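As a plain string of letters, each chain reads:
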Amino acid sequence: MKKRTWEPLGKLEAAVMNVVWTHSPVTAREVCARMTGSEERAYTTIMTTMDRLHRKGLLLREKEGLAWRYSPALGRAEFEKALADGLATEILNAHGEVALSAFVDAAAEVDESLLDRLTQLIAQRRKGHK
Amino acid sequence: MAVLAFFLECAATAAFIGMALSLLTWPLLAALRWSALRSIPAVRADLAFVLGTLPAVGALAVVSAAAAPSLGAALGLWNDHCSSHGHHFHLCILHSAGLRPVLAAVGASSLAVFLFRAGWLARRVAEMRERLAALEELGTRRPGAFPVIAVPGAPQLCHAVGHVHRRILVSESLAAALSAPELRGALAHEEAHLRRRDPLAGLLLAVAGLFTLPFFSRAFLSAWQMAAEEACDTDAACTVGDGSLVASALVRVATLQRQAAHALEAAPAFGAIALEHRVRLLLEGEARVAIAARALLAVGSVGAVALLLALQHAPFLHHAVETLLHHFF
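Those sequence lines, one after another, are chains A and B.
FYI, our numbering numbers position 46 of the first sequence as 46, with every residue one higher than the one before it.
FYI, our numbering numbers position 282 of the second sequence as 282, with every residue one higher than the one before it.
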């Protein structure tokens, strides 16, 4: 099955997710109360952002009275790893030669037997030099 | 109308010169396989870079020189040159000889293709910068002459990046899977790329490739990439003092990338640079010379000299281009 890929979070989305990751499960009003200073936003903005994060699959929610209580669909480390995988794959597949110099470029075209053969060759050469 | 005709004529000239120079320089790529050059991959990479950028440099120099008398007259810098010739086709922004249909079609299609490819390239560069920034935000930076940024995720990355701010991107999992000497070899290879300014050179080659057919630009890029990889392997082998260590790191990284590619259902890399060839070269142990790259300096100098020479002979080149266009269209 193809792994789900994630898009980088916007500034507000990242701030909301930080609160959810540390205080889950939370309501939009609780998130709003914890976002102070430069992160402070109107309650409706936070509610819309959390709804969007839910539709993106990043937040799970359960009804609690009139409000939704949100929890993260995956942990911070898990999300960052999946995001990094998606970004790296995209960079390597679509944009390579315009900005990167790779250590190994041929992995897509090498088969296991070649890798085994080269490993043996290196081992033999090292043995020969000892 | 005169301005449109002038730009279309300039576009057709650039396309014509770019193609002609590509056809002339392309066979020279074969010369890079000469045995005398085999042991000095850095020189081979420099030559491939110069050959790859020559069509663009030549086309720009010739078009600049051919357009200079007319543009100079339009800006009031030079006397109107038009009275000195009226016997043939007229490349002039002030006094157009009229739009020739075939020439206009060639110019318009060349310009359209150029703008399309340039736009696509610009978009790819912008997307790349955006994605790299997002990826680097997730990583941890180890400062140094060339900072190393360790990013989370599958072992896919061991790359030199940055056209101006040069740095190394490495997957944490890949760094953890390599032995300390292997990691030193891999990083030494990437540092060699950064010292050579290969990410910038790759971009410049891609830009220069806009002045020729994709087939030629790919051939030049591929020849340069292969030689640059060998040059960096040689450099890394000299730095760590053991070619087999770098070869071992190459195979280990290829294995890890292959496993990651299966897990992610994605191709882990973008090129097709022969792993076996590089490993064998590293193990051969023959004296290979690690020298500094001079490609950017060489192309800068060649470009400046070509432009100066072209401008110095602007009237001659202007008439030569007019005669050429007159005969062909």
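A couple of the hints might just be wrong.
[As the list claims (entries may be wrong)] Reference excerpt, derived from the structure (chain A facing chain B, CB under 10 angstroms, subset only):
| id | residue |
| --- | --- |
| 1 | Pro8 |
| 2 | Leu12 |
| 3 | Arg55 |
| 4 | Leu58 |
| 5 | Arg61 |
| 6 | Gly65 |
| 7 | Glu80 |
| 8 | Ala82 |
| 9 | Asp85 |
| 10 | Thr89 |
| 11 | Glu90 |
| 12 | Ile91 |
| 13 | Asp111 |
| 14 | Glu112 |
| 15 | Ile122 |
| 16 | Arg126 |
These are calculated hints, taken from the structure and not from any lab test.
Fair warning: this is a prediction, and the values are worked out from it, not measured in the lab.
We put the CB at the ideal spot given by N, CA and C, even for glycine.
Supplied contact hint for A/Glu90, tested at 10 angstroms Cβ to chain B: holds, 6 angstroms
A/Arg126 as an interface hint toward chain B, with CB separation required under 10 angstroms: holds, 5 angstroms
Given hint A/Asp85 near chain B, where the shortest CB pair must fall under 10 angstroms: Because about 4 angstroms separates A/Asp85 from the closest Cβ in chain B, which is inside the 10 angstroms limit, the hint holds.
Hinted contact A/Glu112 with chain B - closest CB pair below 10 angstroms: holds, 8 angstroms
Given hint A/Thr89 near chain B, where the shortest CB pair must fall under 10 angstroms: holds, 4 angstroms
Per-residue hint verdict: A/Pro8, partner chain B, C-beta under 10 angstroms: At 4 angstroms from the nearest chain B Cβ, A/Pro8 passes the 10 angstroms test, so the hint holds.
Restraint satisfaction for A/Leu12 [CB to CB of chain B, less than 10 angstroms]: It is violated, given that the least Cβ distance between A/Leu12 and chain B is near 16 angstroms, above 10 angstroms.
Restraint check, 10 angstroms cut-off on beta carbons, for A/Arg61 near chain B: violated, 26 angstroms
Cut-off 10 angstroms, beta-carbon criterion: hint that A/Ala82 touches chain B: Result: holds, 8 angstroms to nearest chain B Cβ.
Closest C-beta approach of A/Arg55 to chain B relative to 10 angstroms, hint status: Nearest chain B Cβ about 21 angstroms off; hint violated.
Status of the hint placing A/Gly65 at chain B (closest C-beta pair under 10 angstroms): The hint is violated - A/Gly65 has no Cβ within 10 angstroms of chain B, the shortest such distance being about 37 angstroms.
Given hint A/Asp111 near chain B, where the shortest CB pair must fall under 10 angstroms: holds, 8 angstroms
Comparing the model with each numbered hint stated earlier shows that hints 2, 3, 4, 5, 6 do not hold.
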